[in-house]
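> Each chain, written out:
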Amino acid sequence: MSDRRYPDEVTEDFPAPPVTFVDREDREIEVRPYDGSEAAYEALVTMYDSFDPADRAQGIPPGGETRIRDWLDAILAEDCLNVIAWCGDDAAGHATLVPDEAAVYELAIFVHQTYQRAGIGTHLIRTLLGHGQTSGIEKVWLTVERWNRAAVSLYEKIGFETSNAESFELEMALRLNDAE
Amino acid sequence: MKVLCGVGGSDDSIRALDRAVDRAALADDDLTVAVVENPDSSTDTDDMVKRAEEAIAEAGIDAEVRRVEGDPGSRLVEIAEREAFDEVVLGGGTTSPMGKITIGPIAEFVLLNAKTSVTLVR
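The listed protein sequences correspond, in order, to chains A and B.
For the first sequence, the UniProt record's numbering begins at 1 and goes up steadily by one.
For the second sequence, the UniProt record's numbering begins at 1 and goes up steadily by one.
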């Protein structure tokens with residue numbers, strides 16, 4: 001999709017990980033980059049294995065442990081950027097930037113139902129974008145179901161602009177850094 | 001069953017073609033393959049016609065392959081209605097590197113406008 005439109009202006013500066021905060025349920029949460037450890041990988045498998053199927057979007061996260069592991073192997077690869085919101089040893093949320101063919105990055109964010117509506121998603125996406133900014137990523141895009149008003153308004157608040165409204169899903173885009 | 005399979009050359013449309021042909025061989029469907037002009041696909045229609053004819057010959061069934069010009073979605077809906085097809089079979093969308101499934105504009109149009117059942121092949 002080379003005809004995707006991006007905002008002309010570069011977005012604000014976002015905080016780079018690690019970021020610590022207390023959520024609206026008084027839980028201490030720390031957002032850190034995925035460190036490649038087995039413990040972090042298994043914590044994500046546990047989170048996605050009990051993920052509410054009603055929170056799936058366009059087929060992800062997939063259902064069943066085997067498919068979850070295959071999917072994680074793809075999006076936790078070297079060329080992707082991942083941050084995890086930790087509540088102690090539990091993964092509460094996960095956000096990822098995956099490069100597509102045009103060397104721009106697709107964003108996705110997931111917060112486990114136990115941790116939703118506590119402000120974690122906003123910190124998680126802002127920290128992921130801060131991680132992307134310091135890593136020199138220029139453009140980010142995402143798709144979101146148009147009925148998902150909560151998600152759309154979060155993305156708008158971050159600075160995403162609608163880049164394609166002609167499909168079932170809304171496509172939104174953000175300029176993270178100036179062109180090289 | 002009278003089945004219309006629309007293919008434009010994308011990977012998912014080729015999966016739809018193979019599934020429709022396999023099913024026609026099993027269920028004795030009356031299959032028509034409509035090769036449409038998909039602007040998002042790099043495969044040209046001559047190659048798709050050949051691909052469809054080969055799949056049909058290999059399965060040993062009798063099915064028509066037809067070139068369809070013009071806007072793919074609306075032409076498929078029109079053919080399905082005018083010729084009383086029971087079902088339209090299409091590719092079920094592409095998957096981004098992230099793993100997200102996106103349904104193409106042809107399938108979207110057919111889904112929303114067809115009076116027949118529509119099968120999207122995954």
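Source of the hints: derived by calculation from the structure; they are not laboratory data.
Hints may contain errors.
To be verified - Here are some of the chain B residues that sit facing chain A, going by a computed Cβ distance under 7 Å:
no.: 1; residue: Met1
no.: 2; residue: Gly92
no.: 3; residue: Ser96
no.: 4; residue: Gly99
no.: 5; residue: Lys100
no.: 6; residue: Leu120
The beta-carbon is built from N, C-alpha and C at its ideal position, and this holds for glycine as well.
> A separate judgement is required for each hint: does it hold in the structure or not?
Hint-by-hint comparison with the structure:
1. Met1: violated, 27 Å
2. Gly92: violated, 10 Å
3. Ser96: Holds, because the Cβ-Cβ distance from Ser96/B to chain A comes to roughly 6 Å (cut-off 7 Å).
4. Gly99: Cβ of Gly99/B sits 5 Å from chain A, so the hint holds.
5. Lys100: It holds, given that the least Cβ distance between Lys100/B and chain A is near 4 Å, below 7 Å.
6. Leu120: violated, 12 Å
Of the hints listed earlier, those the structure fails to meet are numbers 1, 2 and 6, in rising order.
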